[in-house]
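Its first residue numbered 89, the sequence shown is counted upward by one per residue in my numbering.
Derived from the structure by calculation, the hints contain no laboratory data. Check the hints yourself; a few may be wrong.
[What the hints assert, rightly or not] Here are the simulated distance ranges between beta carbons: (1) Val149 - Leu171: 22 to 30 Å; (2) Asp236 - Lys210: 24 to 32 Å; (3) Gly118 - Asp249: 39 to 47 Å; (4) Leu152 - Val250: 26 to 34 Å.
Glycine is no exception: its CB is placed at the ideal position from the N, C-alpha and C atoms.
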Amino acid sequence: MRSQIDLTNRFIPSDIQYVAGVDLAYWKEGDKEYGVACIVVIDRKTMEVLEEVSYSDEIHVPYLPSYLAFRELPLILEAVKLLGVIPDLYMFDGNGYLHPRNMGIATHASFYLNKPTIGVAKNYYHIDGAQYTDPENREGAYTNIAKDGEIYGQVLRTHQDVKPIYISCGNWIDLETTREFVLEFVTKDSRLPITTRFADIMTHRERKRINDIRQ
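Model the full assembly from the supplied sequences, consistent with the hints where possible.
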């Protein structure tokens, strides 16, 4: 799959109308582990939420760092099947090309979704040999995360005096357009774009709802 990653725009940015945020949450019940995948679809023009879907199930793949896609992807793909509005682009709470094998969840999922994808991470995922400097303390400032001359992603400060986030291409999109889309969906309420922020909020709500039902 890695050889098929294409970090160029395979679309016209102005044609993107529906953008989805994707996030997951996990919990344990006895010796079993469960997860829920949540997808929130937002209209790019109005910034209104058009649809929210979730899918939960038992997790059978053990946790292995840098191999999270194998745990997350089955839930995500089942949640996608529930969508009535088909997103033109997906933003994932996680990484894409910014990954030891350049195959974070945003990149891995793109081959199944057949849509351009973006990774948006709250925290930096350490990659041996990769380096970056903190961006200036101003809205929109960014620096590259690079290893051996190759750019893996960017550190992006979405608001002044706020911690930066870590963005990367998933697939079929370039890094400049990735940054532009992320900033477009950032509001004054959070350093995160509303796509992944709303999906994150939904995972907590759904996890509580499911646990309340089972108690």
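Hint check results:
1. Remark: the range hint 22 to 30 Å for Val149 to Leu171 is upheld by a beta-carbon distance near 24 Å.
2. The hint said 24 to 32 Å for the Cβ distance between Asp236 and Lys210, and at roughly 26 Å that hint holds.
3. Evaluation of the 39 to 47 Å hint for Gly118 and Asp249 yields a pass: the beta carbon distance comes to about 44 Å.
4. About 32 Å separates the C-beta atoms of Leu152 and Val250, a value consistent with the hinted range of 26 to 34 Å.
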